[in-house]
Structure formats: structure tokens, C-alpha cells
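Q: Take a look at the letters that make up each chain.
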Amino acid sequence: MIRLERRPTPSRFWSAAAPILAVALTLVVGALMFAALGKDPFEALRAIFWDPVFGEFAFYFRGQLLVKAGPLILIAVGLALGFRAGIWNIGAEGQYIVGALAGAAAGLAFYPSDSWLIFPLMVACGALGGFLWAMIPALLKVTLGVNEILVSLMLVYVAERSLLASAAVGWLRNPDTVGFPGSRNLSRWEASANPELIAGTGAHWGVAAALIAVIFAHVLLTRHLTGFHIRLTGAAPRAARFAGVVPGRLVIFCMGFSGALAGLAGLFEATGPAGQISIDFASGYGFTAIIVAFLGRLNPLGIVAAGLLMAVTYVGGDNAATNLGLPAAAISAFQGMLLFFLLAVDVLTNFRLRAGKGVTA
Amino acid sequence: MTALLELRGLTKAYPGVVANDGVSFTVEKGGVHALLGENGAGKSTLVKTIYGLVRPDAGTMRLDGQPYAPAEPRAARAAGVAMVFQHFSLFDALSVAENVALGMENPPGLRDLSRRIREVSDAYGLPLDPLRRVGDLSAGERQRVEIVRCLLQDPRLLIMDEPTSVLTPQEVEILFATLRQLSQEGASILYISHKLEEIRTLCDAATVLRGGKVVGDADPRQATASELAEQMVGAKLTAPRARAHEPGAAMLTMKALSMPPASQFGTPLHDLSFELRAGEVLGIGGVAGNGQDELLAALSGERPSAAGTLWLEGRDISRLRPTPRRAAGLLTAPEERLGHAAAPDMSLTENAAMTGAARRGMLRHGFLDWGRARAFATDIIGAFDVRTPGPHVAARALSGGNLQKFVIGREVLQDPRVLVVNQPTWGVDAAAANAIRQALLDLAADGAGVIVISQDLDELLEVSDRFAALNAGRLGAPVPAATLTMERIGLMLGGAHDLKGSRGEDVAHV
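As given, the protein sequences belong to chains A and B, one line each in that order.
Position one of the first sequence corresponds to residue 1 (UniProt numbering), numbered consecutively onward.
Position one of the second sequence corresponds to residue 1 (UniProt numbering), numbered consecutively onward.
Where hints are given, some of them may not hold.
[As the list claims (entries may be wrong)] Sample of chain B residues at the chain A side, in silico, Cβ under 7 angstroms: (1) M104; (2) N106; (3) G339; (4) A394.
Just so you know, the hints here were simulated from the structure itself, not pulled from any lab data.
We put the CB at the ideal spot given by N, CA and C, even for glycine.
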């Protein structure tokens, strides 16, 4: 019989080792799943993890890694701040869409101007769009006590099904084409393009923004009073109020910050890799970023590693789907397992396993 | 008399510390046995061993002549051993009856159980409404839930860890009558307390622990309280003494403060007024749940009050939040250590920064200077003799008494203009309690105003210049403490405000 015994102090070792063990368990169980699907598990794992980084076509995949990791990290860093304080913004996907729409709309209003001011304006409007979309659940929570998880999640579908759909076929549609849904190509319009900054790396302005966000969040959490209050609120809400934290203000800050970063990620995606606002612009980054945030221990530096790892599974998963015929759902299940195992292994941070019966309860 | 519980050579070591070292003693059938010792003497580990929470490294126990080695609390309860913990194990979101049911092996239906709870709580002088939500109960009321839960199981051995710290003298009397009644019915009681006078009135045997070892047995009916204390501490005790000083100008003035309850079952505050002068210690006594938590929240700024109701040195601070109140010099220390006064999972350094950031110069343009925070935590640990490996340790790893020293020390060392403390010495051993009280008296002597909210009336009489009773959310007029006797205080706490000249209409909120 195995029992759990509460540790007097959270284990630093397990806090760091949990993600590694979770990845290992995911590999094992993932391999079993691939085998059950009739694929060679080693071949599949190689296609997912080895090929994108070291394989024959790695030169192509490597560029894709930062393209995928950039938005994941950017969004996850914002979410992690809120999660640390027990503020659950689950609707980053919606804020990502609204940010892209707001930024694209702001830029396209000046089409075909070639002013250099257009891109910065779009960036600002992208952040603002995500911020405002996140303010809906934030203000509802602060004023009426409405659960932010439900509201932010439901607003994803409002953003995707009504705003994005109507924009792609209606108010943002490229007037120069006939019949095709989707906006003008933003990546080919000089004033709005978000190009690769260093050729072959896939690094665009969104990756730069992610780096800045990581550093900002790291400094905020470790050195600044606001970051301390975020951690304090997550650790002991009543103690935080006693310390002088105003819970409502913290909700506004965390929701707004994560919304703005998600909006930025959307804008950089629309002007860069995606190139336009299309009907299928919603990519799932906003949801995957939740996994990235937890896999990175809600720690900005950990999120960088987690974002890169998750990007590998994205790129490698595509590779495996194309070359081995693995179903896309299997790749999603594989990614989901990561979060599942991480949360399970996380117990070891605060508890220790004791074998044998009757030692402790 | 025959032995009910025999302990032989119990030893339990944790990394770096031997909590129990060859502990042997015997609890007689029908006896009331006191277990004495400072914080960290190993009392908790010992009773956890008896209750099946800790397995000893060596040693044996016999219960009623049979070998007894409970693998878990359930086995202990099945053998007839019940325990009331100092820290409560209750679910906030559930009602009293539901919580009691959770601790029972075969709980009856809730309606039936509620009836039994009422019966037992009435019979044993521990009034309790089975339908109330535990989250809305004060610490004192929560403890009653724990006691009643044990009593419902007809235990052969009842272990009580600091049971009276939240009761009025009258209630203590009733509880003692209950315990004596239980012991006459043949049950044994293992009683842990720091209140030596209590042990002298209640217990018929005592074992003193120091540093994990039994340092002696005492007959508490023969020994004096100071003899017991010296045996516990291993040194002579000095009672806290106030330096001579004169009360000065008004520091903190509360004017007709009223406040609705924070939750459905909280206590509203009605028309509270007092004036606290520089150099004065104002003691506020009352049974838990009569508005102590609400009063502290109103003073700390967690719940701002109507404009014009609270003045600090001539400035209206009623609308200020905790941070600006601290900046102005009003510091507070709430009763609940874990989760309110301190964040359990955070280090002592972080907990030091929690309230000390501004006044101890840890902030530069919103950035925290962790070096200064660590230095402040180290100062507190040194000045208040907090037993811990260092400031990096999580608050929850400290024993209750040590954390209490840290929490009080954190506020005292910030040089407050006015300090408000709620239950400053709850669960703290005699020597540490004296040190805390001395620190409060020194603060007052240096010209600060101090408010001590407590249910420990000995403590209030020892430190207060003036005393006021908080009853059902109303505060009686403060009277000079020197003129008071225990009996009059008991009446004041019961709501008989005859000292104020008007008889209160309220029935005691117990």
C-alpha cells in the first residue's frame, strides 16, 4: 500500500523534476498509444521529437519551431501571472482572435498607405483588443462576482463563431477578390508585414515580444511588489488581503495583462505566419498555452522551455501525421497527456510517497 | 486505580531532531493526566503517536493491558482514543453536523445527529448550533465542534490539546465539570495546556517533557504554578513587568463604528467607541465569535468603515486600506496565524516582507529588496527567539507557538504607533508568552498605543491598563484593569454591562 505524507516544506527537487518525469511518462504512455494505433512507437516518437530538430528536413522544421513557440510562450507568460494568483483566464484563444481582428482592422483602415506608423498602430490595437476582451470577464468578476473561468471560456466561442466568422466573410473581407473569404494578405502588405527578423530562424516580432514578456514577467514575479502580491494571493488569499492586496485590482491587472499578450500574439500571427484573417484563423494556441504555462511551472523561464517543447510536438506531430499517417487527434491526446501527467506528478512537490501500511495517514 | 495507557520508551526522531526520546509514563483509568512542556518539547509528537498519526521508531504502548499500536487514527478511535487538536481539522464549507459526521465511523442520519449534538453540547456546556456553517464560526466555536465530536464517541481516553484557550472562565468551569464527570464515569483524560493554574485545578497527575525527554513527574495539586513552570523551562521565569510611564495624548480613536457582518453568520459591530492613548495597553476581552475578528478587520483596513469612525493621531483613517494604514503607523496581528497573518507555503523572508515592506525600507520604486527582507526576518527570528533553521523555511514548517512569535515580532519590530494584536499568545508556551507580553509592554512604555484582544483573561489582567468587554458586537466602556476581579470580568463578558451603568439587553453570545 502506498500512502501520501504531506511535506513540511514544498520539495524544491520535485518542483524541478516533476516536468521531466511528466515528459518521460508521456513518452512511455504515448508510445503505447501509438503502438495500439498500429504504428511503430519508436518511429512515431522519432518523427515527433527527433526529426524536427535533428532530422533530414530539420532546416525547414527549425524555422517552424519558433513560429509555433513564439505565440505559445507569449500567451502562456500572461496566463501564468493570473494562474499564480488563482485568477483563471481560460479564454486566451478568444483574446487572441479579438486582438488579431482589432489590429488588422486598425491597419486595414489605412490601406493602401505605406506609412511606417501602421505596424506599431496595429500592434497597439492588437494588445488593446485582447485587453478589452479580457476586461469583460474581469469586470464581471470584480463587480458581480461572476466566475471568470466560465465567462472567459464562453467568450472564446463568441469571438470565434461570430466575430471572426463575420470578419472573414464580411467586414474584413478582401474587397479585391471575388467569393473568397478572408482579409487582404497582411504579410505581403509592406506596412503591416511582420517578417522573419533573422532568415531561417522563424523569429518574427512576436518572438521578440515573447522574449520581452518573459523577462518582464520574471522580474515582476521575483523582484516587484506586484509580483509578490500575485504570488501571495495565490498562496494565501486571506493573508494577501491582510497584507494590503486589493483583490479586484489584481484581477483587472492579471486578466488585462494576459489578454493584452494574447491579443499581441494574435496580431503577430495574423501579420506574419498566418498572413491574413481567415475563417480558420483560430489555431488553438490560446488553449495549448494553458498546458505550456503549467508545464513551465507557471514560471516565465520554465515557460520558455515548455513552449519550445510544445512547439516540437506541434511540428513533429504534423510530420508524424504526414509521414506515418498518425491521426491528428492522437497528437492532441499526446499533448494533453503532458498536462495530465504533470498535474499527477506535481503531488510529489507537496507530498511524499511512503510505502508500507500504517506509517502515516 | 489501574493503568489505562502505559507508554514505555517511546522514541521518534526526525531529521535533525529527536522529538521523543525514551518517553515512558502511565495514565491511570479515570485519571486526568497533564502533559507539560514548552513549544517543541515533543508533546505534539507524543500525542500524535498515541492517536496513530505518527509511528514511533522504538518503544511500546499498552492500552488497558493489551498491546496498542494504532496504524492510523481510525484504529485509535476504534480502540476508544479520541483527540481534540489545537489546530482544527474542519471543512469550512460544511455545517457543524456534517463535519461531526465526517469524523465518525458510522454516523447516524443528519437529523438524528443534530439532535445528539444539541444534547451533548447542552449537557457539557458547549452550546453549538449543528446547522451553522463552520466557515462562519470563530476559532472558539470551531474548537467546540471538535470537542463535541469527540464526546459523541464515548471515548475511553480523551486527549485534549490546549482546549480552554478560547473559553471564558465560566465556560472553563463548565468544561472542567464535564471532564471531571467523564473521569468519574471511568474515562481517562490526557490534558495538554500551558495554563498551569488550570492544570493545578483539574489534573491529578502530570508528566513534564523537555527536549523530548521526560524530566519529571509532578503532583499538580501539590506543586505551585511557578514550580511547574520552572520544571518545564528548566530555568527561573520572570513575569513581564511594565516600566513606569504616564499615558499621553490620544493615539487611536474609534467613534461610533458600526459594520455589517462579513458573512451571513458573522457578528455585526454596533456603535463601537473607545480612545487609546499613547503608552497605554487597552485589553479587549470576550468569547470567540463576539466580533473580535470583525474588530480586527476594521482596524487593519481589510474592511474599511464609514468616514469619520476611526482616527489615528488626529487623522481620519476609516477609509484607508491596510497599506496606507501601516504607513501611518497602525499595525495589526490577526488571530489566525496560518493563512491570515502568514502565508503557510511562503518562506519567513517572504512573510516578513508581507507586512514589513514599506516600514522597513524594502521598497524602491515598487521593487522589493529581498536582502533587506531576509535581514528583517533574521532580526525577528533573533529578537523573538523563533526556533527555526533559518529565514528560508516555509511558515507552515514552524510550530504554532514559534510562528506566533514570528508574527507578533514582525509587527513589534516595525516600530508601530499603534499595535493591535488578536490572541497574541494562543498556543504559545509560558516563557514565550512572557516574552511576547513583555514586548507589548515595552512598546507601550516607549509611547505606542497597544490594543490586546484576547480570551485569556489572566493575560489581559497582566498587561492591560484598561479593560473593555466585547460582547455580541458591542464594546463596553473601558474600565481601569486594576479595579477588576475575575468574577466581575466574567459578568462583563456575559453581557451584564453593569459597570457601565446600563444593563445590556443582549443575551451572552456563546
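Q: Which hints from the list above does the structure break, by number from lowest to highest?
A: 1 and 2
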